[in-house]
Amino acid sequence: MHQSGPGAAPPLVAERLAKTFDDGDVEVPVIADLSFTLNAGEIVSIVGPSGCGKTTLLNVVCGLTPASSGSVLWHGAAPQGMPGRVGYMLQKDMLLPWRTALSNVTLGMEIKGKVGMEERDKARVLLDRLGLHGFTDRYPATFSGGMRQRVALARTLVNDPEVLLFDEPFAALDFQTKLLLEADTVRLVREEGRSLLCITHDIEEAVSISDRVIVLTKRPTRAKAVYEIDLGDQHADMMEARQSPRFNDHVRAIWRDLEVSGT
Amino acid sequence: MVAGCQLALLAIFLGGWEYITSLDRQTAFLFGSPSAIFGFLKTMATDGSLARDTYVTALETLLGFLLGNLIGTLVGLSLWYSAFVSRVVQPFVVALGSIPIIALAPMVIIWFGTGLASKVAMSTLSVVVVALVTSYKGAMSVDPDQINLFRTLGARKSQIFRKLVVPSSLNDIFAGLKLTVGFALIGAIIGEFMSSSEGLGHAIFKAGSLYVIPKVFAALTATIALALVLTYLVGWLERLLKPWQPER
Ligand SMILES: Nc1ncnc2c1ncn2[C@@H]1O[C@H](COP(=O)(O)OP(=O)(O)OP(=O)(O)O)[C@@H](O)[C@H]1O
Ligand SMILES: [Mg+2]
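Chains as they are written, first to last, in our numbering: chain A, 1 to 263; chain C, 1 to 248.
Excised from the complex, chain A in its bound form:
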């Protein structure tokens, strides 16, 4: 995976980001002033009140929406156009109904170049690992929500992204499926040394998977608090992480932050 020696620039740095939407004659300030760093191999979660600008933040970070001021640095440089090797996942799976599971997964490779045997095999292996063996050549119309999000996850991971940007991709799933998918994601992210910036409404999820949790204020948003999460070496197991005594302390502290800022 990505070789990041000591002193190398972190994959993603946001510096004093601000974003104001210009809606005709009204200006809507959404992000006031936000800075953070995502280091190689790190998982950072962002929680904040509904409508505070989390999705906007993600869109600014990956270049879909231009920032009003401040900068986004990928490996220390501001990219021309879209940053490379970024995987972006939303709550909606956005599978294309006219493509089979497999060709949904190979979409990114198809856009970048040609899809041959090798690319298809890679996609197949990933779908197998995510428990979709036997469904690769089916259309998504008949898939369950969990299966669809697995295909979306495979579509994201197959391009070897260094940095994953998640906007609550598992929020709509039932609790058990959600836990399983989170565990899979964390395993696949940590195994391969990727980094993950994850937006969520679920504080327990944030604490259980993250190295750091950033709590945002209401709109226009800024960082209200930052928690370094250290649960011992138990991040690998989602349920065990939740048993750790410090887990509850973190959850309670973040709850209090969000209550004060008023959801």
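Any given hint might turn out to be false.
[What the hints assert, rightly or not] No farther apart than 20 angstroms at their CA atoms in a straight line, the calculated lysine to any residue pairs in the SDA-like style are these:
no.	chain 1	residue 1	chain 2	residue 2
1	C	Lys242	C	Phe161
2	C	Lys206	C	Tyr55
3	A	Lys114	C	Gly154
4	C	Lys242	A	Pro10
5	C	Lys163	C	Leu179
6	C	Lys157	C	Tyr81
7	C	Lys157	A	Pro66
8	A	Lys112	C	Lys163
9	C	Lys163	C	Val142
10	C	Lys157	A	Leu64
11	A	Lys218	A	Thr20
12	C	Lys157	A	Gly81
13	A	Lys92	C	Asp143
[What the hints assert, rightly or not] Okay, the calculated beta carbon distance ranges per label pair:
no.	chain 1	residue 1	chain 2	residue 2	range
14	A	Thr142	C	Val89	36 to 44 angstroms
15	C	Ala8	A	Met117	41 to 49 angstroms
16	C	Val89	A	Gly113	34 to 42 angstroms
17	A	Arg16	C	Pro91	41 to 49 angstroms
18	C	Ser195	A	Asp22	57 to 65 angstroms
19	C	Tyr55	A	Asp23	55 to 63 angstroms
20	C	Ser195	A	Thr142	51 to 59 angstroms
21	A	Gly113	C	Leu74	27 to 35 angstroms
22	A	Asp23	C	Gly97	28 to 36 angstroms
23	A	Met117	C	Leu179	38 to 46 angstroms
No lab work stands behind these hints: they were computed from the structure. Since the model is a prediction, treat every value here as computed from it, not as a measurement. Virtual Cβ for every residue (Gly too), placed ideally from N, Cα, C.
Starting from the known structure of chain A, fit chain C with the ligands onto it as the hints suggest.
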């Protein structure tokens, strides 16, 4: 079950029609009767005029249908490329769409003559705006998040168009195709009404002006059959082109 009810309804309708028109000669003259219509269909079939007229009208309709949908869909989809251009042309499209096609007929005959071309032109004109509007609507209703996803995967605008916008619009394009089968047929028939020497519209017009009502109905029956066949073909094409749609 559904087909049974439909057949029964048709039988009651035709039976009632036959019965009422058998009561006196004047109603029979004014409204024809199923048996008389069938008689005319039989003579038209044996003297070859039925096949000839149906073929002529089918050809005009099909050409107009294809041409109108091709032009309309290409323009409608490509308007997706430029929000500016589409905003500029919008009022013109609305204006064109509100012109009654029949008002164009005299000019079309002056420009295209009295042969096949003028009928195809009429048919094309009655299809093209609808095809344009439906395909444009399809292209514009693509989920913006989906476009964002393509952008994060590094897609160029032309790739977004080919791999996302066009396939996403298929539903609307096919809705337009189904709708315009009828419009194409109407266009062709109006063209034949204005001036023609053959075709189902010609047969209807001629029989009508000679007060041979059952023959009007006979030609009308052939027209309806033609519309049904064309609609069926579009449905078949849709199933062929959209295999991902689950059976319902
Ligand atoms: N294009 C835009 N123009 C104007 N205002 C916008 C635009 N996009 C978002 N906003 C506003 O910015 C605010 C933040 O939106 P955003 O979707 O980023 O919130 P969020 O934190 O992701 O919310 P949620 O928790 O519900 O997902 C909202 O008040 C929204 O109305
Ligand atoms: Mg959001």
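Right, here's what the structure says about each hint:
no. : hint                                    : result
1   : C:Lys242 / C:Phe161                     : holds (18 angstroms)
2   : C:Lys206 / C:Tyr55                      : holds (18 angstroms)
3   : A:Lys114 / C:Gly154                     : holds (14 angstroms)
4   : C:Lys242 / A:Pro10                      : violated (46 angstroms)
5   : C:Lys163 / C:Leu179                     : violated (25 angstroms)
6   : C:Lys157 / C:Tyr81                      : holds (8 angstroms)
7   : C:Lys157 / A:Pro66                      : holds (18 angstroms)
8   : A:Lys112 / C:Lys163                     : holds (13 angstroms)
9   : C:Lys163 / C:Val142                     : holds (12 angstroms)
10  : C:Lys157 / A:Leu64                      : holds (14 angstroms)
11  : A:Lys218 / A:Thr20                      : holds (14 angstroms)
12  : C:Lys157 / A:Gly81                      : holds (13 angstroms)
13  : A:Lys92 / C:Asp143                      : holds (11 angstroms)
14  : A:Thr142 / C:Val89: 36 to 44 angstroms  : holds (40 angstroms)
15  : C:Ala8 / A:Met117: 41 to 49 angstroms   : violated (58 angstroms)
16  : C:Val89 / A:Gly113: 34 to 42 angstroms  : holds (36 angstroms)
17  : A:Arg16 / C:Pro91: 41 to 49 angstroms   : holds (45 angstroms)
18  : C:Ser195 / A:Asp22: 57 to 65 angstroms  : holds (58 angstroms)
19  : C:Tyr55 / A:Asp23: 55 to 63 angstroms   : holds (59 angstroms)
20  : C:Ser195 / A:Thr142: 51 to 59 angstroms : holds (54 angstroms)
21  : A:Gly113 / C:Leu74: 27 to 35 angstroms  : holds (28 angstroms)
22  : A:Asp23 / C:Gly97: 28 to 36 angstroms   : holds (31 angstroms)
23  : A:Met117 / C:Leu179: 38 to 46 angstroms : holds (43 angstroms)
Checked against the numbered hints listed earlier, the structure breaks hints 4, 5, 15; every other hint is satisfied.
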